[in-house]
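Chemist: The chain contents come next:
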Amino acid sequence: MWKSRVLALLILLAGLGVGYFDYSSQHGTSRFTNFPFRLGLDLSGGSHLVYEADTAAISTADIPEAMNALRGVIERRVNLFGVAEPIVQVEGGGLAGEGVRRLIVELPGVTDVNAAVALINKTPNLEFKTERPAGPEKDRITAAWKAAQDKVLAGVPVDQESNPLLKENPNYRDTPLTGRFLKRAQVTFNQNAISPSVSIEFNGEGTKLFADMTKANVGKRIAIYLDGVAISEPTVNEEIRDGRAEISGQFNLDDAKQLTRDLNLGALPVPITLVSTQTIGASLGEDAVTKGVRAGFFGLLAIMIFLIIWYRVPGLLASLALGIYTALVLAIFKLIPVTLTSAGIAGFILSLGIAVDANVLIFERMKEELRSGKELGEAIEDGFKRAWLSIRDSNISSLITAVILFWFGESLIEGFALTFALGVIISLFSAIVVTRVLLRATGIKRSNAVTRFFFSSGIFKQ
Amino acid sequence: MIIVKYRFIFLSIAALMVLVSWGTIGYWGLNLGIDFTGGSVLEVSYPASRPDIATVKSALTSINRDDVSVQPLGDDSYLMRAKTISVADKDTIVTAISASGTPATVKRFDSIGPSIGAELGTKALLAIGIVLLLIIAYIAFAFRKVTRPVASWKYGLAAIIALAHDISIPTGLFAYLGHVRGTEVNALFLTALLAILGLSVSDTIVVFDRIRENLQKRVVNNFMDMVGVSLNQTFIRSLNTSLTILVALCSVYFFGGESTKDFALALIVGMAAGTYSSIFIASPLLVLFSGERKKA
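Sequences listed follow chains A and B, in order. For the first sequence, the residue numbers in this note's numbering are 1018 to 1479. For the second sequence, the residue numbers in this note's numbering are 88 to 383.
Because the hints were derived from the structure by calculation, they are not lab data. There's no promise every hint is true.
To be verified - Dumping the calculated SDA-like pairs for lysine to any residue here, alpha-carbon to alpha-carbon at most 20 Å:
(1) Lys241(B) x Leu220(B)
(2) Lys1402(A) x Lys304(B)
(3) Lys232(B) x Arg1409(A)
(4) Lys1232(A) x Glu1256(A)
(5) Lys232(B) x Ile1413(A)
(6) Lys348(B) x Glu1385(A)
(7) Lys241(B) x Asp1410(A)
(8) Lys348(B) x Phe1315(A)
(9) Lys304(B) x Glu1385(A)
Please take these sequences and the hints and turn them into a complete structure.
Modeler: This is the structure in structure tokens:
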């Protein structure tokens, strides 16, 4: 008897403690501020971008690796944006979406979707070109350029598309060596120069290409182009076999750093196209949070009032258990952390209604046991025991639904499924364990007129 | 028990409701949102003062975007839809409609590719199918020891028929709402349908559980009375549970945000249908399956 009272007291205190944690972690001055609710895009505002990856050129076995590399590159680019907790994830098509690989980018707080798209698409294009040997081809291109120049000087517009020769550079020609073969780039300071330079290191294949290229062009110049502009035209002194080169344009430190970063981020391993964008303004999200909290509060209050009016003392205890349930679920949302969306909040409020289902089952059962002539103490214990099978079966079917919903893979629906499933599991604990401990702690074993009134149910006297 | 005795009346009411729902779905069809069809939605608000709709429309005409439909939303916003609005188009549009001296701010901009939309539809049907299958399997398993007088898989079948009723009615309502006030069926509506499946079946299972228990205890001799007694015993519980869930959902509907209003409505209607089906459809169907003809 005293044991169960101490236990009940402990549970109530623990519930209060968890409730305090929920409350204080929402306020700036507390030491729990590392545990805020994590809000989904629809609540915090932000951008949700979906890219479709073109994996046609990649063999099936290499796709997962290529997609991972893609994710890595995009993640680094997105991190440059400086938003808190960006999400970059690969979606394998999943259910019914066979073969289509997607990349999902979520940028909380970013409502300027143009800037985000531009940043993600930014690809530095590094090219190495060699001198064009003298010959008829070079003469033709030079002549074409000269003719075009004369025209421009005479005020006649020139369409570069009209003459393919105008797309060629008279002095340099393309080589297969590009930024794709880069292993890493870094800023270096050369003692002989005032400005910093960027040193680059090629990967295996790039090293070979570079060695061949330098061997064939000793004494000649190589041009290094960045995004179509020549930034450096060094002369080759000897064959370079170690795959290292230095770009010494007229960089200032910031330029050199920027170039290094862009080069390291590299070209995308898989081409992507934007197929879907969603942007939610911050005001819309704020409104949804306020209203969600309000709905939760009124929902909880209404359920408690109903329980107390209908089930009296057990209803009051179930309300306490529901309070503990709320505190626990919110704490778990913070600790995991679960990303809350507006649908997730609705799922949580719905789970408040479902959470008391187990209690309702138990109390109805208790009443039947009482009616069959059992003493109150025995009726309580039997009520819990007999209701268990129903509680188990009905909750398992809810969980099945939640798992399928989660598997669905839409972030909006996932939010709902997760809060719903957590609610079902935790409600089993609150409705069964907590309520039982609290009921035992009342210490009522025998029935008399008073206890019969307080433990029966309904609006009318039975 | 009145429910078992007049089972044909209750079953007929349900059948009528389902037929009406199917009728509205067949006649008006569902107003599918861009989640399913692909397309673009742009929601802008005018915090200072909202220009009238004609101004906005002529601004759109001036940039050759007559394909963008405009509809007022709330007190200070407009909702615009088009087949495609690219990220760059969005800026052009916002600039154009802000030109008359009333700056517009973007509240929401969604642009969903048609392939993604089509995929959601397939996924949805698949998910509903899988949920139904798993539920029938679970019920058949949980009731495997109960074979007389009704085979355990028939409990699953009865539950599934009840579920079909539960999702038909909110879908029918949304077909109607889509017609009269343009309510869209989106991913959240699907979530509501799936949640209804879960909630309603758990309600049905509680009644079945009682039938199973009473069968083992041989409370009464014939199956029809057994179902009647079981329904009697679980009736209050079914109503009370539904009531608490409905209370929670009404709170979401009345106090919650705009984005979850229709979601809550679908759940409320589905939940009400689910409660009806657990009591008035699933168990009476069992009696029907048992083949007993005796009047209760």
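Chemist: Are there hints from earlier that the structure breaks, and if so, what are their numbers?
Modeler: The structure conflicts with hint 6 only, although it agrees with all the remaining ones.
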